[in-house]
Structure formats: C-alpha cells, structure tokens
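Visitor: Chains as they are written, first to last, in full-length UniProt numbering: chain A, 1 to 339; chain B, 1 to 422.
No wet-lab data here; the hints were simulated from the structure. Warning: the hint list may mix true and false statements.
[Said to hold, decoys possible] In silico lysine-lysine, DSS-like type, Cα no more than 30 Å apart, as pairs: (1) Lys-201(A) - Lys-233(B); (2) Lys-71(B) - Lys-181(A); (3) Lys-182(B) - Lys-201(A); (4) Lys-354(B) - Lys-124(B); (5) Lys-131(B) - Lys-181(A); (6) Lys-138(B) - Lys-71(B); (7) Lys-181(A) - Lys-83(B); (8) Lys-201(A) - Lys-354(B); (9) Lys-186(B) - Lys-286(B); (10) Lys-181(A) - Lys-181(B); (11) Lys-201(A) - Lys-124(B); (12) Lys-184(B) - Lys-181(A); (13) Lys-181(A) - Lys-189(B); (14) Lys-181(A) - Lys-236(B); (15) Lys-230(B) - Lys-177(B); (16) Lys-181(A) - Lys-408(B); (17) Lys-225(B) - Lys-184(B); (18) Lys-138(B) - Lys-181(A); (19) Lys-201(A) - Lys-71(B).
One letter stands for each residue in the lines below.
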Amino acid sequence: MAVHTSQSVVKAAGENTARGRSRGTGTPPPTPGRLRRALSVHWYAWAMVAPVVVVIGVIIGYPLVRGIYLSMTDADERNVARSIGVNEIPATYEFVGADNYVDALTGSQFLGTLGWTLVWTVSCVSITFALGMALANILNRRIAGRSAYRMALILPWAIPGFVSVFAWRFLYNEERGLLNKVLGGAGIDAVPWLNDPTWAKFAVIAVNVWLGIPFMMVALLGGLQSIPSEQYEAAEMDGATAWQRFRHITLPGLRPVSTTVVLLSTIWTFNMFPVIFLLTRGGPGEATQILVTQAYKFSFEISPRDYAQSSTWGVLILVLLMLFAVIYRRVLRSQGDNW
Amino acid sequence: MRRGITATALVAALALAATACGSDDETGSKSSGELSGTVTWWDTSSVGSEDKVFKKLAEGFEKKHPKVDVKYVNVPFGEAQNKFKNAAQAGDGAPDVIRSEVAWTPDFANLGYLAPLDGTAALKNQDDFLKQAVASTKYEDKTYAVPQVIDSMGIFYNKKMFEEAGVEAPANLADLKTVAKKIKDKTGKTGLYLRGDDPYYFLSFLYGEGGDMVDAGSKSVAIDKPEGVKAFKAVKELVDDGTAKTDASDGWENMMQAFKNGDVAMMINGPWAVADTLTGKEFTDKGNLGVAPVPAGSAAQGAPQGGHNLAVYAGSKNLDASYAFVEYMTSVDSQATAAGELNLLPTRTSAYAKKEAVDSEIVGFFKPVVETAVERPWIPEGGSLFEPLRIEYTKVLTGQTTPEKAAKATGDSYRKLLEGWK
Chain A
1 MAVHTSQSVV
11 KAAGENTARG
21 RSRGTGTPPP
31 TPGRLRRALS
41 VHWYAWAMVA
51 PVVVVIGVII
61 GYPLVRGIYL
71 SMTDADERNV
81 ARSIGVNEIP
91 ATYEFVGADN
101 YVDALTGSQF
111 LGTLGWTLVW
121 TVSCVSITFA
131 LGMALANILN
141 RRIAGRSAYR
151 MALILPWAIP
161 GFVSVFAWRF
171 LYNEERGLLN
181 KVLGGAGIDA
191 VPWLNDPTWA
201 KFAVIAVNVW
211 LGIPFMMVAL
221 LGGLQSIPSE
231 QYEAAEMDGA
241 TAWQRFRHIT
251 LPGLRPVSTT
261 VVLLSTIWTF
271 NMFPVIFLLT
281 RGGPGEATQI
291 LVTQAYKFSF
301 EISPRDYAQS
311 STWGVLILVL
321 LMLFAVIYRR
331 VLRSQGDNW
Chain B
1 MRRGITATAL
11 VAALALAATA
21 CGSDDETGSK
31 SSGELSGTVT
41 WWDTSSVGSE
51 DKVFKKLAEG
61 FEKKHPKVDV
71 KYVNVPFGEA
81 QNKFKNAAQA
91 GDGAPDVIRS
101 EVAWTPDFAN
111 LGYLAPLDGT
121 AALKNQDDFL
131 KQAVASTKYE
141 DKTYAVPQVI
151 DSMGIFYNKK
161 MFEEAGVEAP
171 ANLADLKTVA
181 KKIKDKTGKT
191 GLYLRGDDPY
201 YFLSFLYGEG
211 GDMVDAGSKS
221 VAIDKPEGVK
231 AFKAVKELVD
241 DGTAKTDASD
251 GWENMMQAFK
261 NGDVAMMING
271 PWAVADTLTG
281 KEFTDKGNLG
291 VAPVPAGSAA
301 QGAPQGGHNL
311 AVYAGSKNLD
321 ASYAFVEYMT
331 SVDSQATAAG
341 ELNLLPTRTS
351 AYAKKEAVDS
361 EIVGFFKPVV
371 ETAVERPWIP
381 EGGSLFEPLR
391 IEYTKVLTGQ
401 TTPEKAAKAT
411 GDSYRKLLEG
421 WK
C-alpha cells in the first residue's frame, strides 16, 4: 500500500515537470544543474522529508558541529558563558586550532585508553558472538521447553541496563557479595572482582557479554530460521558431518545477519558507557576506563570541567568508528557481499 | 516534575515581587515585608541518620516564618558537587541554598555560582565563628558561605574488640601494626579498614610523614617530595601486611558495614560518621565506640580540617528568605541541636558552651582535634586536587604502580592544574 502510493507520487511529479517543460518556449535552458533538476523533479519528496531533515539537523547536526568547534578551543568550566541569576558572564575561551588533537594523539593517556578499549571491544564482541551463536543453534532445534529457554535468555535484555549492572555490582562485592560467598562456601578464597585491575577487566567484560548475548542470540536465531532446511537435508544425504554442515551451510547462510550484528555490536560495545561507568567508574585507578567514560569524566567529573578535551575525545571516537565502518564495508565488499 | 518546579519558582518569584514591592533600595535584604516563598535546600548529610535531624531542623524555619515553604532535598554527598554545577550552569533546577563542602566553596564562588553574603541577613555575629571555619568561606575578600559544621578525623575503634585483644588505641603507625596483629590473633578479624577509593582518608598518613598536597605559601606542589612517597609507601605497607583491608570502589558502604558489624576493629573517620556508626549492631551500646587521634607517622601527627558551609545560589529567586534560612541553620541553637543529636561539631564558639555540646563525648573529643587540624589552602582548585590523587592512591593500593611513580604522576597533574606553580 505504502509502496504503491509513493510510486504513484513520484510518477505524478515526473509527469508534471514533463508537461511543464513541453509547455515552455521550445528552447530548453542549457542543461539545468543536477541539483536544480532533482529539486524540480522531486520537490514533493523533498518537501516531505524536509521536517525530518530539519529536526535531525537540530538534534544531531548542531551538537556535532558545536562539539567539533569546542574541540578546537580551550573551553572549560571557567571560561564558557554562563548566566547566574542577574550575573551574565560572557565566554572568554579562545580558538587553539588542532592543539587538543596533537596533545591527545601524542600523549599516553588517549593511546593507553584506546588500547584497553580495543581489547574490551574485541573480546566482548567475539565472546558474545560465539556464545550467541552456540545458544541460537541449541535453541533452533526442537527441544522440550524451548520457548521457556528463549524467554529466560532474553531476560537480560528486558531488564533496564542500570538495574542489572547494579545487581552485578552487589554480586561482585568483595566482602558481602554473593559470588564470593558461594566461592567461600566451596573453600575458595575471596576474589577481588572489582578491586584488582585484571579481575576488574574480566568482571566488566563478563557483565557486558551477559548483557549482549540476547541480542546476538535473537538476531542469529532469526537468521538460522531463514536457512532452507532442504540444504541441510541434501548435505545429510551426501554424508556431511554436523561440523561440515555448520561450516558450509549455517555460517554462509548466516552471513548477511552476522555481518550486520557484528558491526552494530562493535559500535555499541566501543561506546558502552553504562556498564563501565556504573560497575567500576573506570577503576580501580583507570584500569577499566574506556574512551567514552573518560570523555565523560573530562566534561563532568573533574574540576575544572574540561569541555575542550572532552569534545576532542568525542570527535576522535566518531572518527575511529567511521573508519572502522568504512574498512569493514570494504572488506565485506571485496569478499563479494552486496553492501 | 520540571514544570512543577518552574511553576513553584514562578509563584515564588511573583510572591517575592509582591512582598518586595515598594522597597526597591539595594539594601532591601532586611525587607520591609514578611519573608515568604519557597527555599529549596540541598543537604548532603548521611541518609538514614543525619538527614532526619536536619530535615526537622530545616522545617523549624517554617514555624518562624509561616509564609516560607522550606523544601528539603537530600542529595548524596558524592554527587552533590556535580549536580549543583550542572544545575547552576544551566540556570535551571539549582537549589536556593546548598550545603557546600569546604573545598567546594571557593570553586563555586570562583565560577560565579554563589551570592556574596557580606552585608546580608545571612551573616550574624561573625566574630563568634571559629577562625578555621570562616577561612574556607572567603574568596577574594568576600564572604560566600556560612560555616555550618566543622570536622576533622580520628581513629574510631570497637572497644569490645580492643578489650578482647588486650590492646590500646594506637599512637603511631608501628603501634597500629602491632595492635592489628594482636586483634587478628585473638579475634581473627582485620584491624583497620582503610578507604581506598577516597584520598581524603589518605591525608592523615600524608601529614603524618610531614607531607602535603601543595604548599600555597610558596606556590609549589608538595605531593611528589620524598615525604609524599613515604606516605604512599606507608599505606601500601598497611594493606600488604594485612593490617588494613581496602576496596577500590564502594568504600564508604563497605567501611561502614564492616565496622558496624564488627568485621574490623578500627576505621579512620570523622564526626559525620558517628550517627551512622551508632545504628550498627556492634554499637547498640553507644559506649562501645571509642575515638582516638589518628596515628602519627614518622614525622608528625595530623588530620585534615574539613566541614560544611551553607551557601546561597546567586541565581536564587528568593534571596531574602535564603539569607534568613542560612542564618537560622547556622545559629547557636541549630548548631547545638546538631551537636546533641548527631555529635557534629559547631562552628560557633558559643555553641560549645551549650548543654547539648557539653554532654556529647564525641564533640568533646574532636574539639581539640579540630583546633590543631591541618588546614588546606582554600583556593578554587582545592577540590580539584583530589581526583588526580584518587587515581594514583587507588593504583598504589591495588599494586598498579609504585609509590614513587604515583607521587610523581600526581605532582605532574597538579602542575597542569595550578598554572605557574612550581
């Protein structure tokens, strides 16, 4: 229905212009600009999307441009404009060019944090993908209580993030947490889950995997169900083993789904603020600080708040993720995917 | 919700405008009419113990000024500074009065968020205040806050556990280690809980080794001197040899639970923790709580001087009532109530003569401690010094860095923060 109307609209618009042109003086203007032609042909479509473009421009474009601008100044809490009651304090920050970027890219803090962010992203995505794949395969067969399992596995997704992360924080508490009490019951020494840098890294990855599995599982399950069963039957007839069937039918069949979820999951994990912030606040020390939590810290937790540096890190995060998406697409395309 | 606030603010503003009509002169703080409108107060005291008393106290203001509506809001201490900055800068949702920690006050004042109080109704009998308490309320020769409570730190101990182990309160770090060892042998419990996520609890060790964060007199950074390194070494030793246990997060909660349940025999803390401690099962008999001066280090003995001030937001729609509220909350009677019910230390000399303060053992103990406590420089960056220190302090305790590197890294951050300091 919707498709139908939109088609007819475009056609109608096209006919209109065609008629308009034929009614002209007979000497058509010397090849009108592409933009102008696009406008005159599709003015209706443009009019329809204009509100959306404006809204997106205001809520995404403005903050983005402002962020990029701030990253090229020395703005902090003390020199931005503020109005407190009757006092109007004007902005006094200055344009400093690329200084902030040079500082970030030559200093050890950004690169160090980036290193751990990459470890965090790669391990979270790969573990989540592997476990999600395994669970999806298990739940794709007819087993007793399948829907109950599916519900239970979607649960982490259904709970608001901060609630589950706080629950984990209680579980991880070294003295009073449930995990250590259970371990203690088995005669194992208390594990400093959030107090030791290595364990803390393990702990945050574990929680993120737990949170990420439902998405992977549901997406992959959908992909599995779209693979025609004839392929499996034919393979079985030819005597393919279970592994061979998985390797040569399931994996290629899942490719359109898995490439998309890996891309999404990578971007989300790279910017997974709540898990780190609520579980460890980047601690102990700075051991689990990822780029976004550190950028947040610059602009909201330290004093004076460093808006310039925070924006710089924000822009760098954006650039990194865009680079990743471009490279990812290139690689997929080179392997013959239709992206 | 938000609309509600705006609406009340609007009503308050209108009401104020109505009452202030006719007296347009600048010194209109002692306004001709009766005080009215809403005063929102952000309190940062501990929930479950201190907050009840302060809420009641704050609402007592409504009895004196029936037309004023006091809105008591408790904001967790750890979040209040950021919340206030967000609200104050946005110019929306900030309270009229905030309980501002001593180190926050010059920072807020420097950012222009606070109303200067000189010549307003908020200040009364300025000479009655303790000198140390007043120091943190001044910024560039103006007064921006009124001291509400003053505090310092001491070592809190469980008397029963000490008797069981046959030990006395430790006077220095060596004592502390032997005391903890005896407690471990006799009761199986850890001696001390040391907060590893808040460097404020590290200061007494830093002062004990003769160190400091910065030296404002000579405008130089002091944390990376040999004394600072020694202090980092001292706390690391305490944790490594089992004298103390610590956490890198949730330190306050873990410390209070451990001490209240008798899992540790000692903690380093201040008067603000007393009311909460006394709710613990080990302290149903209040006499079981002992307090002693913080253990001395190799060079000196000292604890930081802290406390809280009440400050008025410069953008408040109801300045007159806010000034009066601040004066009321810091009056001798209010301070005596806080001393009697919560064992908090008054900032007014005359309040110490009140029966409530005299009867409180804790107040009696902390009074001389406060008088000799180490005063921090009241500079706008004072509060900013803690975050770099927190990171390195936690790193030392969790074995991620050495004391030498930690001291150097903290010093480097301080030099970046304090422009032109050595």
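Visitor: Are the hints correct? Go through all of them and say.
Guide: Hints, one by one, checked against the model:
| no. | hint | in the structure |
| --- | --- | --- |
| 1 | Lys-201(A) - Lys-233(B) | 26 Å, holds |
| 2 | Lys-71(B) - Lys-181(A) | 42 Å, violated |
| 3 | Lys-182(B) - Lys-201(A) | 36 Å, violated |
| 4 | Lys-354(B) - Lys-124(B) | 18 Å, holds |
| 5 | Lys-131(B) - Lys-181(A) | 50 Å, violated |
| 6 | Lys-138(B) - Lys-71(B) | 27 Å, holds |
| 7 | Lys-181(A) - Lys-83(B) | 36 Å, violated |
| 8 | Lys-201(A) - Lys-354(B) | 54 Å, violated |
| 9 | Lys-186(B) - Lys-286(B) | 23 Å, holds |
| 10 | Lys-181(A) - Lys-181(B) | 25 Å, holds |
| 11 | Lys-201(A) - Lys-124(B) | 54 Å, violated |
| 12 | Lys-184(B) - Lys-181(A) | 21 Å, holds |
| 13 | Lys-181(A) - Lys-189(B) | 17 Å, holds |
| 14 | Lys-181(A) - Lys-236(B) | 26 Å, holds |
| 15 | Lys-230(B) - Lys-177(B) | 16 Å, holds |
| 16 | Lys-181(A) - Lys-408(B) | 39 Å, violated |
| 17 | Lys-225(B) - Lys-184(B) | 34 Å, violated |
| 18 | Lys-138(B) - Lys-181(A) | 50 Å, violated |
| 19 | Lys-201(A) - Lys-71(B) | 43 Å, violated |
Taken one by one, the earlier hints fail for this structure at numbers 2, 3, 5, 7, 8, 11, 16, 17, 18, 19, listed in ascending order.
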